[in-house]
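Student: Listed below are the residues making up each chain.
2 protein chains.
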Amino acid sequence: MDDLLAQLRAGLPADALITDPDVTASYAHDMASFCAAGAPAVVVLPRTVEQVQHVMRTATALRVPVVPQGARTGLSGAANATDGCIVLSLTKMDRILEISAVDRIAVVEPGVINATLSRAVAEQGLSYPPDPSSWEMCTIGGNIGTASGGLCCVKYGVTAEYVLGLDVVLADGRLMTTGRRTAKGVAGYDLTRLFVGSEGSLGIVVKAVLALRPSPPRQLVLAAEFPSAAAACDAVCRIMERGHTPSLLELMDGTTIRAVNAMAHMGLPETTEALLLAAFDTPDPAADLAAVGELCAAAGATEVVPAEDVAESELLLQARRLSLTALEAVRSATMIDDVCVPRSRLAAMLDGTAAIAEKYGLTIGVCAHAGDGNTHPVVCFDQADPDESRRARESFDEIMALGLELGGTITGEHGVGVLKKDWLARELGPVGLEMQRGIKQTFDPLGLLNPGKLF
Amino acid sequence: MDDLLAQLRAGLPADALITDPDVTASYAHDMASFCAAGAPAVVVLPRTVEQVQHVMRTATALRVPVVPQGARTGLSGAANATDGCIVLSLTKMDRILEISAVDRIAVVEPGVINATLSRAVAEQGLSYPPDPSSWEMCTIGGNIGTASGGLCCVKYGVTAEYVLGLDVVLADGRLMTTGRRTAKGVAGYDLTRLFVGSEGSLGIVVKAVLALRPSPPRQLVLAAEFPSAAAACDAVCRIMERGHTPSLLELMDGTTIRAVNAMAHMGLPETTEALLLAAFDTPDPAADLAAVGELCAAAGATEVVPAEDVAESELLLQARRLSLTALEAVRSATMIDDVCVPRSRLAAMLDGTAAIAEKYGLTIGVCAHAGDGNTHPVVCFDQADPDESRRARESFDEIMALGLELGGTITGEHGVGVLKKDWLARELGPVGLEMQRGIKQTFDPLGLLNPGKLF
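Residue numbers (the UniProt record's numbering), protein chains in the order written: chain Z, 1 to 455; chain P, 1 to 455.
If you are wondering where the hints come from, they were derived from the structure by calculation, not from laboratory data. You may find that some hints are simply not true.
If several chains are the same, the list does not tell them apart, and a pair holds so long as it fits within one copy or across any two.
Straight line, CA to CA, 27 angstroms or less: simulated BS3-like cross-link-like pairs of lysine-lysine [to be verified]:
hint : residue 1 : residue 2
1    : Lys359    : Lys421
2    : Lys207    : Lys92
3    : Lys155    : Lys440
4    : Lys421    : Lys92
5    : Lys359    : Lys207
6    : Lys359    : Lys440
7    : Lys155    : Lys421
8    : Lys440    : Lys421
9    : Lys155    : Lys92
10   : Lys359    : Lys155
11   : Lys440    : Lys207
12   : Lys359    : Lys92
Full structure from sequences and hints, please.
Tutor: This is the structure:
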């Protein structure tokens with residue numbers, strides 16, 4: 001341990017190391033606080049690529065595990081420390097190095113906050129679409145590590161779609177450049193994409209070239225109330241089948257609506273069983289909303305209310321954004337599933353989740369990026385009650401089993417971390433898992449990078 | 001050899017094997033006919049996944065290399081046979097297994113022709129955007145292997161963006177499923193994307209889940225004439241900088257225009273030095289074309305002609321599609337570069353290419369997916385003239401060196417194959433190359449899959 005600190009200090013400024021256990025303990029875990037986490041030996045906050053290389057060379061020399069971290073807003077424990085590890089926080093490498101409107105790219109360090117980048121590019125008429133709920137806090141490096149999604153994905157896709165090239169420090173401290181800064185490129189295997197969603201297990205991202213888009217027009221939102229989740233899902237299917245391209249298509253079930261009302265008194269319709277929010281950022285959003293409103297009515301909506309303007313639209317989205325927080329207030333803790341199914345199976349997923357809630361006697365509220373088929377069943381439980389905690393975990397697992405059965409995936413956008421390791425193996429099967437481990441072995445033969453995550 | 005045929009026959013119907021050397025010779029190479037190619041021992045045309053597994057198990061047992069092939073329309077020799085290999089042609093596995101408008105996916109076998117799929121999904125109001133020039137012949141499996149682009153990429157991206165999941169037969173005959181059939185998913189490393197563009201070197205794709213989009217409105221095209229390539233490139237930069245989203249933005253240089261005229265008498269403007277074609281498939285394409293026309297004029301266009309209708313638009317695109325064929329008619333052979341640069345460096349790329357043509361005393365016509373910065377300098381030469389052939393290869397290489405110097409890549413969409421192997425190593429650098437080789441080793445430890453390609 002003394003050896004580790006001495007060697008780290010040899011290549012890092014004094015203020016880049018934290019060893020006070022009270023402080024290092026605060027770096028122990030991400031937002032999945034109920035996942036196991038160890039005590040880091042040291043927290044390192046490098047400011048340069050060379051400093052990151054020094055950390056990795058030291059870790060390799062001394063065989064010390066390294067846990068890379070961004071803002072620790074992840075929901076799967078992927079950034080949780082292991083005992084005696086180096087926590088490598090990239091939050092101080094937070095410079096936007098370049099924004100080009102002609103090339104439609106930004107070049108950034110990993111610690112740049114998503115919202116900071118979004119605002120910086122907006123000033124130049126550009127947009128960086130990926131918008132995870134934590135966008136005001138989370139870092140681009142964390143977004144890349146966890147392959148974050150967000151509300152915009154139904155039209156604009158996920159983080160992976162916007163990462164063109166990377167600079168990566170490998171486990172042994174060598175620097176590798178992947179990808180490109182061009183619009184297209186197919187030179188060799190796509191290592192860039194391999195790093196997106198790899199949860200820091202293959203290397204440390206120290207620079208990223210990101211694709212940008214022109215700023216879209218402001219979106220207008222419509223809210224539709226349904227007597228059942230199934231009817232709302234039917235509306236989603238009709239909307240997508242008819243070729244619409246909403247910029248957002250979100251669903252809140254009755255449990256979620258009532259939790260949001262209880263918390264924020266937003267006056268959402270208490271008796272409705274599902275609220276669908278659809279938005280368009282097209283040249284004529286009102287016309288698109290009118291067409292979608294008709295499809296909602298045909299699917300059984302009892303009320304269809306297009307927002308009059310951008311302000312009213314924002315208010316509706318605020319309710320959606322409050323969903324997780326509101327459900328967290330129901331009991332002392334939550335486990336958030338992230339099952340994504342083909343949207344044709346969305347109704348089966350929601351009905352099945354309701355049955356699971358009833359079976360286990362738990363409150364499970366569902367909000368969903370319905371246009372993507374990506375559901376977030378939120379299992380509410382009291383951590384102080386062992387039996388309720390056990391039932392929570394069992395229902396959490398049963399929801400993933402249901403997702404796989406419906407042709408879905410255990411994680412649409414939150415990642416695997418430590419929370420879903422067993423389930424990753426089930427989803428991939430033995431051959432896929434063997435190949436994934438082979439790739440890990442290629443990049444990190446000593447197994448030092450974020451050990452115990454993914455598989 | 002007898003052993004090989006006997007073992008292959010044990011698991012394949014008689015009509016799935018071709019051993020007649022006159023016939024097998026015709027499977028020796030793709031469209032980069034000047035690249036070295038060996039004589040296959042046998043050509044196998046399986047119809048089922050099990051048959052592909054049998055071929056790979058046999059190849060592994062007997063240590064025989066396997067060269068997977070689609071329609072052999074590739075331009076880099078990636079499908080070229082090696083001496084004594086099994087050519088594994090996937091062209092008989094050509095069923096469209098599923099098309100879903102709600103889930104916006106198609107599930108296909110690898111031998112489905114791109115145009116066949118495009119037409120089948122169009123009947124359901126859907127679109128499969130990737131449109132390589134060879135779309136009437138090339139297969140989806142080949143598109144996946146080479147990560148094909150096309151004219152649509154500036155708005156709709158490349159093949160990689162549309163591959164959600166794969167079934168792959170590994171080198172040892174085991175079957176692996178990657179990815180998903182959902183809109184989103186981040187379960188483990190992105191093996192799907194790793195296979196796209198891997199030129200059959202990691203496994204045999206036997207099924208693919210593809211993302212579809214709603215059919216866009218028919219596009220309208222505008223043609224603009226410029227006194228120099230640089231002025232046309234300036235227009236491209238202005239168009240993209242102003243936030244336009246053309247569905248196509250193509251450039252033909254003076255050499256290409258005159259070659260097309262010589263071949264097809266299309267009445268293109270003989271004296272102009274660059275023709276830019278811009279298209280929009282937006283709700284009001286005429287308005288978008290008007291705005292883009294003004295930007296062209298501001299960049300120095302001498303003539304701006306929006307097509308009156310879809311028919312006129314098609315005529316303009318026909319000229320563009322004839323470019324390669326027309327340049328092939330200039331001398332006996334062509335080598336087609338595929339350098340992609342940041343679009344801000346497009347003018348430097350075109351001017352530099354013209355200087356290289358002059359230096360080597362060769363005709364090099366350039367057509368380009370200008371909106372992507374993806375240029376196709378076509379080096380025309382007489383294969384019977386050794387000195388001219390040498391100069392052609394040198395200029396072909398110098399164009400790639402220029403591309404790298406300008407921050408670009410040696411291949412935007414045609415791949416590496418055997419043609420650009422040395423250059424891939426230069427682009428990736430030693431660390432990147434080592435990691436790529438490590439991945440190859442993981443999937444194909446005996447080095448049987450398409451040996452001698454990529455690196």
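Student: Next, verify each hint and record whether it holds.
Tutor: To see whether the hints hold, each was checked on the structure:
1. Lys359 x Lys421: within (25 angstroms within a copy, 59 angstroms between copies)
2. Lys207 x Lys92: Close inside one copy (13 angstroms), not across copies (44 angstroms); limit 27 angstroms.
3. Lys155 x Lys440: Answer is neither; intra-copy 32 angstroms and inter-copy 34 angstroms both fail.
4. Lys421 x Lys92: Neither. Shortest intra-copy (30 angstroms) and inter-copy (39 angstroms) distances fail the 27 angstroms Cα cut-off.
5. Lys359 x Lys207: Cα proximity of Lys359 and Lys207: none, with 48 angstroms in one copy and 38 angstroms across.
6. Lys359 x Lys440: neither (39 angstroms within a copy, 47 angstroms between copies)
7. Lys155 x Lys421: neither (30 angstroms within a copy, 37 angstroms between copies)
8. Lys440 x Lys421: Answer is both: 15 angstroms inside a copy and 26 angstroms across each meet the 27 angstroms cutoff.
9. Lys155 x Lys92: neither (32 angstroms within a copy, 35 angstroms between copies)
10. Lys359 x Lys155: neither (36 angstroms within a copy, 48 angstroms between copies)
11. Lys440 x Lys207: both (21 angstroms within a copy, 26 angstroms between copies)
12. Lys359 x Lys92: Neither: 47 angstroms inside a chain and 49 angstroms across chains, both beyond 27 angstroms.
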